[in-house]
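*Asks:* Required output: the full structure, derived from the provided sequences and hints.
2 protein chains.
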Amino acid sequence: MKDFSFYAPTEVVFGRESEEQVAQLVKKYGGTKVLVHYGGESARRSGLLDKVCRLLDEGGVPFEMLGGVVPNPRLTKVKEGIALCREKGIDFILAVGGGSVIDSAKAIAYGVPYEGDVWDFYAGKAQPTVCLPVASVLTIPAAGSEMSEASVVTNDEGEGWTKLGYSNNISRPKFAIMNPERTFTLPAYQTAAGVTDIMMHTMERYFNPDGDMTVTDAIAEALMRTMKSCIFEVLKNPEDYRNRAQIMWAGSLAHNDVTGNRTNGDWATHQIEHELSAMFDVTHGAGLAVVWPSWARYVMKENVSRFVRFAVNVAGVENDFTDPEGTALRGIAAMEQFYHAIGMPTSIHELIGRDVTDEEIEEMARKCTRNQTITQGKFKTLRMADIAEIYRMAR
Amino acid sequence: MKDFSFYAPTEVVFGRESEEQVAQLVKKYGGTKVLVHYGGESARRSGLLDKVCRLLDEGGVPFEMLGGVVPNPRLTKVKEGIALCREKGIDFILAVGGGSVIDSAKAIAYGVPYEGDVWDFYAGKAQPTVCLPVASVLTIPAAGSEMSEASVVTNDEGEGWTKLGYSNNISRPKFAIMNPERTFTLPAYQTAAGVTDIMMHTMERYFNPDGDMTVTDAIAEALMRTMKSCIFEVLKNPEDYRNRAQIMWAGSLAHNDVTGNRTNGDWATHQIEHELSAMFDVTHGAGLAVVWPSWARYVMKENVSRFVRFAVNVAGVENDFTDPEGTALRGIAAMEQFYHAIGMPTSIHELIGRDVTDEEIEEMARKCTRNQTITQGKFKTLRMADIAEIYRMAR
Chain G
1 MKDFSFYAPT
11 EVVFGRESEE
21 QVAQLVKKYG
31 GTKVLVHYGG
41 ESARRSGLLD
51 KVCRLLDEGG
61 VPFEMLGGVV
71 PNPRLTKVKE
81 GIALCREKGI
91 DFILAVGGGS
101 VIDSAKAIAY
111 GVPYEGDVWD
121 FYAGKAQPTV
131 CLPVASVLTI
141 PAAGSEMSEA
151 SVVTNDEGEG
161 WTKLGYSNNI
171 SRPKFAIMNP
181 ERTFTLPAYQ
191 TAAGVTDIMM
201 HTMERYFNPD
211 GDMTVTDAIA
221 EALMRTMKSC
231 IFEVLKNPED
241 YRNRAQIMWA
251 GSLAHNDVTG
261 NRTNGDWATH
271 QIEHELSAMF
281 DVTHGAGLAV
291 VWPSWARYVM
301 KENVSRFVRF
311 AVNVAGVEND
321 FTDPEGTALR
331 GIAAMEQFYH
341 AIGMPTSIHE
351 LIGRDVTDEE
361 IEEMARKCTR
371 NQTITQGKFK
381 TLRMADIAEI
391 YRMAR
Chain D
1 MKDFSFYAPT
11 EVVFGRESEE
21 QVAQLVKKYG
31 GTKVLVHYGG
41 ESARRSGLLD
51 KVCRLLDEGG
61 VPFEMLGGVV
71 PNPRLTKVKE
81 GIALCREKGI
91 DFILAVGGGS
101 VIDSAKAIAY
111 GVPYEGDVWD
121 FYAGKAQPTV
131 CLPVASVLTI
141 PAAGSEMSEA
151 SVVTNDEGEG
161 WTKLGYSNNI
171 SRPKFAIMNP
181 ERTFTLPAYQ
191 TAAGVTDIMM
201 HTMERYFNPD
211 GDMTVTDAIA
221 EALMRTMKSC
231 IFEVLKNPED
241 YRNRAQIMWA
251 GSLAHNDVTG
261 NRTNGDWATH
271 QIEHELSAMF
281 DVTHGAGLAV
291 VWPSWARYVM
301 KENVSRFVRF
311 AVNVAGVEND
321 FTDPEGTALR
331 GIAAMEQFYH
341 AIGMPTSIHE
351 LIGRDVTDEE
361 IEEMARKCTR
371 NQTITQGKFK
381 TLRMADIAEI
391 YRMAR
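Those protein sequences? They're chains G and D, same order as listed.
Residue numbering for the first sequence follows the working numbering, starting at 1 and increasing by one per position.
Residue numbering for the second sequence follows the working numbering, starting at 1 and increasing by one per position.
Incorrect hints may appear among the rest.
One copy or any two copies: either way a pair holds, since identical chains are not told apart in the list.
Computed list of lysine-lysine pairs in BS3-like fashion (alpha-carbon distance at most 27 Å, straight line) [as the list claims (entries may be wrong)]:
(1) K301 to K228
(2) K236 to K79
(3) K51 to K2
(4) K79 to K27
(5) K367 to K79
The set of hints was computed from the structure by calculation and includes no laboratory data.
The model shown is predicted, which means the values in this text are computed figures rather than measured ones.
*Replies:* In structure tokens form, the structure reads like this:
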């Protein structure tokens with residue numbers, strides 16, 4: 001059995017009106033001048049941004065604002081944030097939004113005290129030892145960035161964008177304010193993509209080569225089964241507080257290592273998807289729904305019993321004890337049906353609205369392996385040719 | 001749906017040889033002079049205590065030692081620790097042991113910087129604002145104190161002992177070192193009592209008056225089901241690393257609020273048991289096995305569907321859809337059979353080896369309600385007469 005560590009220090013304040021505590025929490029964690037970091041105008045339209053600013057004002061916490069973070073957040077915006085923080089003497093970054101905004105906030109937090117190029121961390125050329133404190137008022141449950149040590153940034157500076165992740169415990173957010181009401185206005189597609197992402201954070205951990213942490217597996221299955229039922233309730237009624245709450249909290253639990261240790265997980269599906277969203281700028285969760293079934297069929301024989309367990313305990317298919325592979329494959333098909341039922345694509349064609357070319361597949365496979373210098377996946381080690389085949393299966 | 005907060009900052013280092021990191025972790029969290037706090041001689045016999053001391057020595061961390069903590073840890077020992085810490089300039093308390101040692105360590109940590117009597121905190125007369133940092137090398141999975149904000153101390157100073165708990169986030173341990181091999185030598189009775197306690201920490205949260213946190217309920221059920229199977233494996237083979245590991249990690253998860261928010265839980269079974277162990281000095285987990293079935297039968301009609309869910313999803317009985325109360329009662333009976341099967345008592349007579357008197361029952365019920373000034377339980381509010389009746393049902 002693999003050893004592990006668990007470290008989830010983020011203070012979560014969950015419920016209606018939880019944002020009322022924002023100024024007090026910023027001060028508790030040492031913030032004296034705050035960058036309020038956000039995405040598009042939805043946070044303003046909903047009144048949340050104004051409310052946060054009013055509460056900071058009333059709490060006597062000075063702040064600057066920087067919006068415009070886009071999905072698959074960009075390095076140029078990160079650098080804009082770093083410059084602003086230095087100019088204004090910011091010592092605390094408050095992300096108001098979802099995973100992209102929090103990821104961007106973490107990158108800014110690394111960059112402010114660093115003399116070099118912040119991309120060095122993502123490119124594996126340097127390790128930060130300090131960063132500014134980060135926290136969030138969460139509006140999109142999906143990425144799990146609100147409690148995680150991970151962030152993903154897209155380098156939009158050179159030719160051909162590169163999307164890379166970087167993980168470091170020093171960037172774990174100090175607090176996360178989660179009010180499920182703030183997710184009522186999320187469109188159905190974003191909601192479904194979020195649930196796909198949440199489930200995938202747990203699936204990446206569940207399909208590990210070790211597979212004998214029974215209590216963790218049982219918890220992971222419980223979380224995934226719950227998501228599969230909650231999503232239909234919120235698609236029917238977007239203002240279903242109770243089910244929005246389950247999804248919001250599951251988004252954190254799926255990525256804070258309660259459902260498995262990140263470093264023991266597989267993560268190939270994520271890496272394969274990152275190239276899709278870097279090339280076509282698609283929604284990450286939707287890309288995951290496209291990639292996973294092909295990944296699963298490609299790697300299934302590595303550990304058939306694991307896929308049988310998933311099929312029965314999560315996908316909800318009957319176990320044909322005489323035919324483990326058949327059960328495993330029916331489980332994968334059931335997940336595909338689930339993705340369709342919640343409005344997710346399950347082919348690259350559906351995802352990008354046209355056929356993907358052979359050249360594009362080769363380029364993504366090449367980038368995914370950094371020109372064949374690395375492999376992906378721990379459940380099964382994948383090289384460039386394997387990854388290209390998975391893209392072809394998913395086309 | 002109830003709002004909640006979640007705060008579990010303890011860094012967990014889990015696995016074989018995890019204690020190798022002890023000196024480095026103490027220094028990381030600011031310890032410069034350590035109190036190594038422990039219980040009886042088992043920690044010395046096993047070699048763990050010597051190993052921890054050697055590692056601190058090698059890491060250049062000076063330390064003092066204080067052993068002799070007993071189950072249901074005593075206030076007099078806590079005060080001995082406070083005096084020692086003050087005399088020696090201790091700034092970090094490292095508990096090597098189980099819940100009693102960690103609880104005692106927390107009490108010492110509160111007491112060192114406090115000018116008054118540390119019992120004030122437990123008696124509800126004062127609130128600490130600071131405490132020394134605490135951490136643990138865990139040897140007994142049960143209390144969950146290694147990640148929790150709770151501690152329970154027995155006041156052995158006056159006539160008639162009083163056992164009271166106190167919770168405060170400032171005492172959350174900085175780190176917890178968990179090596180399942182260190183639990184191989186736990187006797188069967190202690191192991192089973194530990195699993196009973198672990199499950200009860202989740203059951204107290206599960207039987208809450210709110211009951212609509214679906215994802216949390218599903219996780220709680222997953223944890224409890226897993227414990228019910230792991231315990232039989234380790235009773236058969238005490239050196240079963242994999243199943244020892246499940247129990248050890250579940251002990252933390254069951255009490256770090258992943259399976260439900262402490263403040264929304266019931267906790268009557270714990271309070272009713274505390275009086276049993278204060279009066280008869282019995283093992284806490286064994287006392288819980290005695291109290292819970294009677295508590296459950298007494299309160300079941302408050303929310304029959306909750307007990308049906310528990311019966312089917314945890315106790316593993318078939319659901320008779322035509323007879324919810326019958327299903328609920330069969331679930332309670334199945335738990336009693338489970339307790340018996342793992343060697344736990346299910347009556348006070350079995351627990352203390354003789355009949356409990358009516359006077360003793362009245363005294364425990366009186367103490368449990370502080371002479372009728374408080375009530376116990378959130379699932380169903382219990383007054384002195386209710387509590388006495390539960391003791392009688394369990395006699």
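*Asks:* For every hint, state whether the structure bears it out.
*Replies:* Structure-based check of all given hints:
In the homo-oligomer, the alpha carbons of K301 and K228 lie at most 27 Å apart inside one protomer (25 Å), although the nearest pairing across protomers, at 31 Å, exceeds that limit. Taking the shortest Cα distances, K236 and K79 never come within 27 Å of each other, neither inside one copy (41 Å) nor across copies (59 Å). With identical chains, the CA atoms of K51 and K2 are at most 27 Å apart between copies only, with a shortest distance of 23 Å across copies and 46 Å within one. In the homo-oligomer, the alpha carbons of K79 and K27 lie at most 27 Å apart inside one protomer (26 Å), although the nearest pairing across protomers, at 35 Å, exceeds that limit.
Taking CA atoms no more than 27 Å apart as the test, K367 paired with K79 passes inside one copy only; the shortest distance there is 24 Å, against 63 Å between copies.
Checked against the numbered hints listed earlier, the structure breaks hint 2 alone; every other hint is satisfied.
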